[in-house]
Amino acid sequence: EDQVTQSPEALRLQEGESSSLNCSYTVSGLRGLFWYRQDPGKGPEFLFTLYSAGEEKEKERLKATLTKKESFLHITAPKPEDSATYLCAVQADTGRRALTFGSGTRLQVQP
Amino acid sequence: DSGVTQTPKHLITATGQRVTLRCSPRSGDLSVYWYQQSLDQGLQFLIQYYNGEERAKGNILERFSAQQFPDLHSELNLSSLELGDSALYFCASSAGVANVLTFGAGSRLTVL
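Quick note, the sequences are listed as chains A and B, same order.
This note's numbering puts the first residue of the first sequence at 10, with every later residue one more than the last.
This note's numbering puts the first residue of the second sequence at 2, with every later residue one more than the last.
Honestly, the hints are just simulated from the structure, not real lab data.
Simulated pairs of lysine-lysine, BS3-like, Cα-Cα distance not exceeding 30 angstroms:
(1) B:LYS58 to B:LYS10
(2) A:LYS51 to B:LYS58
(3) A:LYS51 to A:LYS88
(4) A:LYS88 to A:LYS68
(5) B:LYS10 to A:LYS51
(6) A:LYS77 to A:LYS66
(7) A:LYS78 to B:LYS58
(8) A:LYS66 to A:LYS78
(9) A:LYS51 to A:LYS68
(10) A:LYS77 to B:LYS58
(11) A:LYS68 to A:LYS78
(12) A:LYS88 to A:LYS66
This one's a predicted model, so the numbers in the text were calculated from it and none came from an experiment.
Generate coordinates for the entire structure from the input sequences, incorporating the hints supplied.
This is the structure in structure tokens:
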């Protein structure tokens, strides 16, 4: 069974204080690892897809990286508007193709 | 606006009742997914349809059912509701079976 574990559960940063969020996964065969952002009361919003170990993707202050067992979401010099829950999900390359999500990391960036 | 439309946004009902949640996917998307999000369990996959046919099932209870219609909109039917069914129900769509999922804003169900 596919499993995704995210840490920490919650993270409080000062504006400008860089940090990383972790996503550990087990999947029979990885087709893709996805990062989503979710604001309170809203649906998850797509950020990145990573397909193979060593791959990196960037968007503004966010950078996602992938190894064979985990992914990191690096947040550089965060701003208060980066406050949200960040969700990691995996998609297997066989069988069911629906995403399996982790429980998320709740990020709060204080001014 | 993600392009995925869910109705109703909020729904309050009583135990034992039945409700229907509706989802219109993004234009051109053939796949529809339903997810349940509760405080203690995160996003749980319920069921997936592709072009009108059921493609995959997740942790969907027997009291729940879904279908996708010829115009590609989908409905999730929840019956014999229990307090524990209170949650946010999200619909997502994708162009194919394995593409990026685009989520709607969700339907918040409260069972009293």
